[in-house]
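If you read the protein sequences in the order shown, they are chains A and B.
The opening position of the first sequence corresponds to residue 1 in my numbering, with each subsequent residue numbered one higher.
The opening position of the second sequence corresponds to residue 1001 in my numbering, with each subsequent residue numbered one higher.
If you're looking for bench data, these hints aren't it; they were derived computationally from the structure.
Where a beta carbon is used, it is the ideal one built from N, C-alpha and C, also for glycine.
One or more of the hints may lead you astray.
Sample of chain A residues with no beta-carbon within 10 Å of chain B, all distances over it, derived [stated by the list, open to error]:
(1) S34
(2) V185
(3) Q290
(4) P349
(5) H493
Here are the computed distance ranges between Cβ atoms for each label pair [what the hints assert, rightly or not]:
(6) A:N453 - B:S1120: 35 to 43 Å
(7) A:N16 - B:S1117: 54 to 62 Å
(8) B:K1094 - A:K335: 38 to 46 Å
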Amino acid sequence: MQIVSEIRGINDPFSNKQRITQKTFDANQLSIDSLSADVIIIGTGAGGGTSAEIFAQAGLKVLMIEEGPLKSTRDFNLNEGQAYADLYQEGAGRVTKDGGIGILQGRCVGGTTVVNWTSSFRTPNATLEYWQKTFQVKGCSAAEMTPWFEKMEKRLNISPWLGQPNENNTVLKQGCDKLNIPWKVIPRNVKGCWNLGYCGMGCPTNAKQSMLVTTIPDALEHGATLLYSARVERLVIEDKKVTGVECFALDKNNKKTANKIIAKAPYIILAAGGINGPALMLRSKAPDPQNLIGKRTFLHPTVFSFAQFEHEISPFFGAPQSIYSDHFQWVNGAKGPLSYKLEVPPLHPGITSIMLMGHGNGLIEDMSKLNNTHAMLALLRDGFDTESEGASITLSDDGSPIVDYPLNEYLFDGIKRAYLSMAEVQFAAGAKRVRPAHQHGQWFESLSAFKSNFSQLEHQVSSNLIGSAHVMGGLAMGENKNNCLVDSDCKYHYLDNLWVFDGSVFPTSIGTNPQLSIYALICKQATKLVTALNEK
Amino acid sequence: MNTSRREFFKISILGSAVLLLGSSLSTKILAKPDHASLEQNYSFMRPLDIEFILALAPAILSVNKSGAFTEKVQLQLISTIDRQIASLGEDSQKKLRQLFELLTSSSLRYLAGAPTSQWSTTSAEQADSFLMGWKTSMFSLKRTGYAALVKLVTMSWYCQSENYQQSGYPGPPKIYLPQE
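So that you can see chain A by itself, here it is in the shape it has in the complex:
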């Protein structure tokens, strides 16, 4: 793989000379305290970005409100610490209530699409079928969704990665081949990708087709306005309607200022993503007769296994995710014991030092071998079985969300099987040593040593490294009001002018990286809403 040593001459779509930049406003420098529009979109990630373009192209006056900062090409300096602080929720330090699961979620204009690793899968048929059966979701069969997947794949240039997988992904491919396990190439939303490996820190070449360089600029070209560094504190709800959106400007350190802004529009789109969206609904005391807001929030709890090789892996370089295997993901159908998808994560030094879970000589030695280290991940499909209820969102004293995800035996059973599957693939690919990412995980020199010893590992809160990069659910979609809050068009069941256009409407997890599931579903819903509004 060619290592790129310098990047020159990339233009920033939000540079000062660009016309669209004049349509963007830092809330803290706004001289007025009220705004109005036809449609207000709260959040600018996959759902907010996709719908903003559709509404703006239809001639509606769109106001996008984003809590995070506007960071663009020139700001993406590929410094890990800086990226986490600038672009992630809680500086990438968001964790569940008991500290058991770390959550990587974007917090910037463009949301998680700015920092995800570009993997773009259609929603699995089994997931769509389960939603129809269990939640009475209408209009979302595989056949009905296909045109919307196709449309967004075209819009965001999604196709299977044509380049060679980097060494880190090659391990997964070779291990699967040796074991006769099927693997496939991951579709990515990139255009002219430089194969750098820094997708998680903001793309410095504009190759990643995130909302930041696609739908948001297009919406701004079509007359939309973007207000950033503005935290929506509360929806003002009167008589089954959202009559105002109450925001506070944030300062450079993300601290709330006294600058209050009220925005009004006849149509309100909540696209703040899982966790933050349900928290806003709780703060707003939105009608919720069944007490469902924030319940069944799913995370795809993800566990990791490290492997050291004799040859160089350079796990920090190259497209971060290009190979996957679903061999273990649907073995029992939708329900049953927890199952998982295999992929790999990129390993930059800061995050790796955390993932290795330890301190002292052992950690320092492992870190010194980073260039020869590979890691694999197993993404666990939560929310299908009755044993998997996910997290519930509550509010802390200051109104910020608390994510309570109890770790149960059902989850630990899946985790144990996932460690074993990953070790098998890694040894088959020629790993010298394998170590599960566990506080007491040790290096094993062979699969037989792994098998006979790893069962002694205890699995409890904070002993396993469990991460999440996919927040789903909390405002479930479906006609069944006993377990759903929005209808099959994503309109809130109990309010007349509020739609939820983001991943929080998923009634379960997806079972694969969710960005394309959000793009396609929201493209369908926003198109339907725009058509209805134009007919009025």
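Position chain B relative to chain A; hints supplied.
Frame of chain A, contents of chain B only:
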């Protein structure tokens, strides 16, 4: 009383102490730090927090205070950690404040299994044994506390370009922006 019961009682007292004192633990009862030079304008770190982190860092990073871990390197680590904490949510910062107050309070930290001496005089071996105690504790509060403290230090350390070579990471490509 067996060890686990004793630890259970200690952790209960610990929990109540944290709840009672919360983040209101007055700085009056906190002793004066030895390193006046470390007092700077940090958004989170207080002088005793700095002593505490600098006592743990040699054990976490296997660095020697008389060697490469010079005062300049120490200051850089502390300011990186301070920036990292500043980017956390308010709730996480509040919890970290409680953790730091507990572990820097001369009257409470023995309950937490920390050395009774000042952190500024704690050896790397003592710091390591404190860390191991928390890492292997049967209480998730301590295990999570261990993970939080170690994460803060290692993340801040390995994200610094000066330390890239310790992991064999060549660093990112150099970016030349076009003239605006």
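Holds or violated: is the Cβ of P349 (chain A) farther than 10 Å from all Cβ atoms of chain B? Non-interface label fails for P349 (chain A): nearest chain B Cβ at 4 Å, not farther than 10 Å.
Lying within 38 to 46 Å: is that true of the beta-carbon distance K1094 (chain B) to K335 (chain A)? holds, 40 Å
Compute the least Cβ-Cβ separation between Q290 (chain A) and chain B, then decide whether it is above 10 Å. Fine: 27 Å to the nearest Cβ keeps Q290 (chain A) off the interface.
Range first: 54 to 62 Å. Now tell me if the beta carbons of N16 (chain A) and S1117 (chain B) are that far apart. holds, 56 Å
Would the non-interface assignment of S34 (chain A) survive a Cβ cutoff of 10 Å against chain B? holds, 27 Å
Are all C-beta atoms of chain B more than 10 Å from that of H493 (chain A)? holds, 30 Å
Against the range 35 to 43 Å, how does the distance between the Cβ atoms of N453 (chain A) and S1120 (chain B) compare: consistent or not? Between N453 (chain A) and S1120 (chain B), where Cβ atoms are some 41 Å apart, the hint holds.
Nearest-CB test (10 Å) between chain B and V185 (chain A): holds, 25 Å
The structure does not agree with numbered hint 4 stated previously, though it agrees with all others.
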